[in-house]
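Number of protein chains: 2
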Amino acid sequence: MATLQDICYSAAINLLSAIAFLFAFAMLRLQPVNDRVYFPKWYLKGIRGSPTHHGGFMKKFVNLDPRTYIRFLNWMPAALQMPEPELIEHAGLDSVVYIRIYLMGLKIFVPITLLAWAVLVPVNMTGGTLDKIKDLTYSDIDKLSISNIAENSVRFWAHAIMSYVFTFWSFYVIYHEYKAVANMRLQFLAAESRRADHFTVLVRNVPADPDESVTDHVEHFFRVNHPEHYLLHQVVYNANKLADVVEAKKAMRNWLTYYQNKYDRNPSTRPTTKTGLWGIIGTTVDAIEYYESEIENLIKEEELEREKVLSDANAVMPAAFVSFKSRWAAAVCAQTQQSSNPTMWLTERAPEPRDVYWSNLAIPYVEHTIRKFLMAVALFFLTFFFVIPIAFVQSLATIEGIEKVFPFLKHLIEVDSVKSIVQGFLPGIALKIFLIVLPTILMLMAKIEGFHSLSSLDRRAASKYHLFLLVNVFLGSIITGTALEQLKTFMKQSASEIPQTIGVSIPMRATFFITYIMVDGWSGIAAEVLRLVPLIIFHLKNTFLVKTEQDREQAMDPGSISFPISEPRIQLYFMLGFVYAAVTPLLLPFILVFFAFAYVIFRHQIINVYDQKYESGAGYWPDVHRRLIIGQMIAQMLLMGLLNTKGAEELSPFLIPLPILTMWFHKLCKGRFESAFVKFPLQEAMVRDTLERATDPNLNLRTYLHDAYIHPVFKHDPSDKTETMIYYDEEDNPLVATKRSSKFVSDVSSGSGS
Amino acid sequence: MATLQDICYSAAINLLSAIAFLFAFAMLRLQPVNDRVYFPKWYLKGIRGSPTHHGGFMKKFVNLDPRTYIRFLNWMPAALQMPEPELIEHAGLDSVVYIRIYLMGLKIFVPITLLAWAVLVPVNMTGGTLDKIKDLTYSDIDKLSISNIAENSVRFWAHAIMSYVFTFWSFYVIYHEYKAVANMRLQFLAAESRRADHFTVLVRNVPADPDESVTDHVEHFFRVNHPEHYLLHQVVYNANKLADVVEAKKAMRNWLTYYQNKYDRNPSTRPTTKTGLWGIIGTTVDAIEYYESEIENLIKEEELEREKVLSDANAVMPAAFVSFKSRWAAAVCAQTQQSSNPTMWLTERAPEPRDVYWSNLAIPYVEHTIRKFLMAVALFFLTFFFVIPIAFVQSLATIEGIEKVFPFLKHLIEVDSVKSIVQGFLPGIALKIFLIVLPTILMLMAKIEGFHSLSSLDRRAASKYHLFLLVNVFLGSIITGTALEQLKTFMKQSASEIPQTIGVSIPMRATFFITYIMVDGWSGIAAEVLRLVPLIIFHLKNTFLVKTEQDREQAMDPGSISFPISEPRIQLYFMLGFVYAAVTPLLLPFILVFFAFAYVIFRHQIINVYDQKYESGAGYWPDVHRRLIIGQMIAQMLLMGLLNTKGAEELSPFLIPLPILTMWFHKLCKGRFESAFVKFPLQEAMVRDTLERATDPNLNLRTYLHDAYIHPVFKHDPSDKTETMIYYDEEDNPLVATKRSSKFVSDVSSGSGS
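Those protein sequences? They're chains A and L, same order as listed.
Position one of the first sequence corresponds to residue 482 (my numbering), numbered consecutively onward.
Position one of the second sequence corresponds to residue 482 (my numbering), numbered consecutively onward.
Source of the hints: derived by calculation from the structure; they are not laboratory data.
One should not assume that every hint holds.
Said to hold, decoys possible - Taking lysine-lysine pairs in the PhoX-like style, the calculated list, with each CA pair at most 20 Å apart, reads:
1. L:Lys1148 with L:Lys781
2. A:Lys853 with L:Lys1151
3. L:Lys781 with A:Lys853
4. A:Lys1151 with L:Lys853
5. A:Lys1094 with A:Lys1196
Claimed, not checked - Rough simulated footprint, nothing fancy, chain L against chain A, three-plus residues with beta-carbon under 8 Å:
6. 646 to 660
7. 685 to 693
8. 810 to 824
9. 1141 to 1151
Said to hold, decoys possible - Computed Cβ-Cβ distance ranges for the label pairs, DEER-style:
10. A:Arg835 with L:Ile642: 18 to 26 Å
11. L:Ile642 with A:Leu1013: 55 to 63 Å
12. L:Ser840 with A:Leu595: 57 to 65 Å
13. A:Val952 with L:Ser1133: 21 to 29 Å
14. L:Met606 with A:Phe873: 42 to 50 Å
15. A:Ser694 with L:Ala661: 30 to 38 Å
16. A:Asp697 with L:Ala661: 26 to 34 Å
Quick reminder that beta carbons are idealized off the backbone N, C-alpha and C, glycines included.
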């Protein structure tokens, strides 16, 4: 087992690597050439137009001012300066509440750490059990942990009581945080300027009607059932294929630009390419001409597809965005059941236009349940049996395996140096690749389940990832062996034995988790700020594709908080904190450093870098809350199991109320706050409607909502000069000829009625 | 173990006792004097005015026509004749759907029984294991059951496959039944005449406002947030004490009538009574004078209390019934969230006026969650630990225990005959009393939890009773030993061992359950039709209290289906059917007889006897469905456990999908149908509003809803001549003087506004 010195050594290494990352970041961010990598948020806001340093040619790319290098951690206090209200306006509520999770970590664990060190560390240190056992190897860390206390000792009461104190303190912080976030959300929604989704409801599963088109059916239904409130609606087109064509065209444009740039720089030779896969195989052709003709074809195809979508009745999905005359009416429609068949005319608050995940809008109800069921089964197998295919791949990825499948490689890999690389590297690579693509797999599963907004997809993927981390990282590290083996063990054990089996190994794994926190937490977060991948990609794009300032704008990749990956990881730290607070308090300061460090870094990132794809108004908080509760309950169960194996069974009745109380606390919070994240209260809606009528009596809501929910491929793309604007003036649009397609925007003027 | 002959013998006894009950019923119902006991429904409907047989004095009480006695089972076909739509109109949807549960039992189990006898009985009979074991006692029943099959036999595949067939057939019936009930409910709601609860919403947790009274606050809130729809509201008074006084007055009146009747019949001596407890102790007084003065006092007290309630601001609870101008608006308000604080201004569909449980309307949100939590803990202890106090009482209820506590009884109970009675009778009596009062305890727990309609109280009590029966009757009979011991056993066993432990004893307990079905099911149902307790009480009342025809009307006790007791019992039979279908098919015909018999009896009862206290429109069906699913899942788990112990582990992977599929089926049904029982779809509401506007354009809804939701003690009781009508004409009501109390009916004319 690792000693205190080992831990210090490891901490030093990880601190140094973190500092190295920070130093590299501090150097790179000062170079004007990297300005768009490290400050894209300001460019998108239009505040920063060009690198801050003017001067000679050289100065445009490299910062030669030595004074700016001296205080290389200057950005840290700067990141903390922006006050929260301003930050919400700058970065949106999603981001601000996200960094509050780290802050909440500090709020929960700073007092817990102080208390644990003041009470439990002395109790453990003077336990003196390990000193007596001379022949057992133990470390100084174990002397500070619960392992140092003799069986049946009365000292365990200290741990049990402190476990109550920790739980109640967490309740206090979690409750107030939930309350604060709920209030922030309501304030944010109230302070927001007018948004299309306030007035709009997403209607799914419009029943098929043999006599009417979807758009007529929707209009009639809402005219009848919300007679004084219905304003207009927009049907949803199945434009997935069209979107693919547009995407392909965009890629072709990039290649064209690349070759044109190449030709401009070196006009002596016209660049060539090959027509096959990735330009590697196939016949060689003149690149510029080839891509120009390809783009030509795609434009034609796009036109055809566009017309097909607009004229084909089957391209209209049984879903629509229905807009109302007031926020009140939209809130009413979203919260009520429309039809006596609860699987038809499903209404819900429309997601923000940019939050809509268009391809999933047409899934019927029963298919939805089947998909969810299948994905639940898939997640179970993914979580518990993912090692099986990986072990299979690993068994292939041996020297012998490769020789068998690819005999022609035999001579190459028999070379000693190659052989050693293959042997050392290959077995781990399958697992590594799996872990890297895992979030993508989980997101794909969420998409298959059929959620129809990016925010709900993110939340769903996060839930899945949390389960995976819980089973495979947390439990998998405590009980050595695969999840599959654990599952077998647990099936054979009784309900009261499982926490004991896990609990007894917890103190032994403390050093492992301390190292994990330093490697994954400290260094990982420091790497985040460096943005190495976007840095490289930006410079590649900048070199090969950028011609105009506008192109450079597009080459920027500000990125965003990857909620489905980061949030479950934070939850892992919370859980480690809860579990080890009463067992090995030594671990707590490492978590504190993580929370504090991550808070500063992410605050800097949301100020200067990230540009969120959507704004859900912290709609994910109920998930965060639920996972905190799960972490607490696991910690409580494991402590009970651990104390049982230590011969302190008499403490069990004292500890049993703890998880029950936690469950009840969860229900209380859920009932008290959750609906603020699900429903839009009528009182708020009415206040805002009244206010708006007073301040803006001449508002033409119809014009405002007219094309709010059009599939992005139908939207006018300012960078694409060839696309025609087909939708603005319906009256004199020459493209819209047939009766069907004249309904494209599905806006029926209220004067004419139906 | 019981042989087939034993079972036949027991069946004969139970059949005879059932026939005896039926015969007694047939005789008693033909006597005109019992007419109001066996046909109260028709009296309440006003169709039956007086006994059907006219003639001499004797003929008024006894039916002397011998022809009517001959066909004593005549009522059975009569009970089956009334078609369902007419029955719904006659008895309400709650009753009709209730008897459909029995019918569903037949639909599920008739095909299952046929299949099980056609397939499984031959498979079991030819198993021949029991024949080989010569020294083991076994019965013919065991030869027909799964016990007759050798370990590791391939014959178990038949049971596993049939288990799938049974499950899918149940799914089919349950799904279509849910669909049919949901449609019946929607039709019923649509066909109903105008009802106050269609237009009304129950608002709870009205926040306190220092500047406004509750009634003003409610009015302002709904005027602002539902401006075009709000009509009027009625606040809720805490009139519990007043109700007590009225109740006491009614009891005194009964005594007064009793003594007056006594005096009328025997005018020579004036009856006397004693002033103390139950008229047994205290000073002797003239009974008629005493009760007259007591009633006088109570009338004064009532007046005082009534005025106090109306004038005291604290007597107004923070709850109100808010009525709207249309069903649409009421449906909208009930389904939406009003305030940004989701624990304030809670709205829900108002229960029917007679369904309201008034005393629970004022419980605040947090208290609600605490009460629920405490009752959940209480239910757990009641279910698993109820034997402890009973064992304690039993230990006292011995000869020695009684001698210790009541030494003066020593000489009496030392007498041999008394001693044997005490010894034979006392130990069981504590348990019997507990089982009799259990439904009352569970109902009390539901009331403490704070539900505010009688229908939800019934449903909640039924859930609790179902759990109790499941643990203490079903599991308790399979695994001998108390629930507490079971709990200990299960805590020490693994998740996969528990079904094995239970499963292995299932075939052995088949004969016990067959006897149980005959005693509790057959004879119990036959006793239900006899109505012995209401019969006795009616005749007592008729003799001592009845003076006028109106009094006789009041002496009738039609009773109602006791949903919280009967429904969980049906579920027990369903579960027995599911569990034994694949194990001991011999049990199935007994269940079929129960379902068929109970269907006829209850159909007769709802036609001729029961008068439901409220009409919830079959709102309990989701509970019925959920419990069916629970029964199926338990059956599937136990079969898996049983097959495991029989060495057929290779069948486990084949059977594991079964409970998962069942869970998914439950979710599907829930999503598909449940909301029909929870929400009122806007489309339906709109159709009915439109229809009403067309058919009844001059309807004054204000007058109609004016006093719909007044606490029953404020309602005019036609039998009570002394009560003043204080609420009808508010304008010229002399009792309503103060500003506060003028708000009593809380009806604000819409013309004046606010």
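Hints versus structure:
1. L:Lys1148 with L:Lys781: Violated: Lys1148 (chain L) and Lys781 (chain L) sit about 57 Å apart, past 20 Å.
2. A:Lys853 with L:Lys1151: Since the Cα atoms of Lys853 (chain A) and Lys1151 (chain L) sit roughly 15 Å apart, the hinted pair holds (cutoff 20 Å).
3. L:Lys781 with A:Lys853: Judged against 20 Å, a Cα distance of about 66 Å means the pair is violated.
4. A:Lys1151 with L:Lys853: With a Cα-Cα distance of about 15 Å, the restraint between Lys1151 (chain A) and Lys853 (chain L) holds, given a limit of 20 Å.
5. A:Lys1094 with A:Lys1196: The given pair, whose Cα atoms are some 17 Å apart, holds under the 20 Å limit.
6. 646 to 660: Our answer is that it is violated, as 0 residues pass the Cβ test (under 8 Å) against chain L, missing three.
7. 685 to 693: violated (count 0)
8. 810 to 824: holds (count 10)
9. 1141 to 1151: It holds: at least three residues are needed, and the stretch 1141 to 1151 of chain A offers 4 whose Cβ sits within less than 8 Å of chain L.
10. A:Arg835 with L:Ile642: 18 to 26 Å: violated (53 Å)
11. L:Ile642 with A:Leu1013: 55 to 63 Å: Taking Cβ atoms as reference, Ile642 (chain L) and Leu1013 (chain A) lie about 59 Å apart, which means the hint holds.
12. L:Ser840 with A:Leu595: 57 to 65 Å: Violated, at about 49 Å.
13. A:Val952 with L:Ser1133: 21 to 29 Å: Cβ of Val952 (chain A) to Cβ of Ser1133 (chain L): about 22 Å, so the range 21 to 29 Å holds.
14. L:Met606 with A:Phe873: 42 to 50 Å: holds (47 Å)
15. A:Ser694 with L:Ala661: 30 to 38 Å: holds (33 Å)
16. A:Asp697 with L:Ala661: 26 to 34 Å: holds (32 Å)
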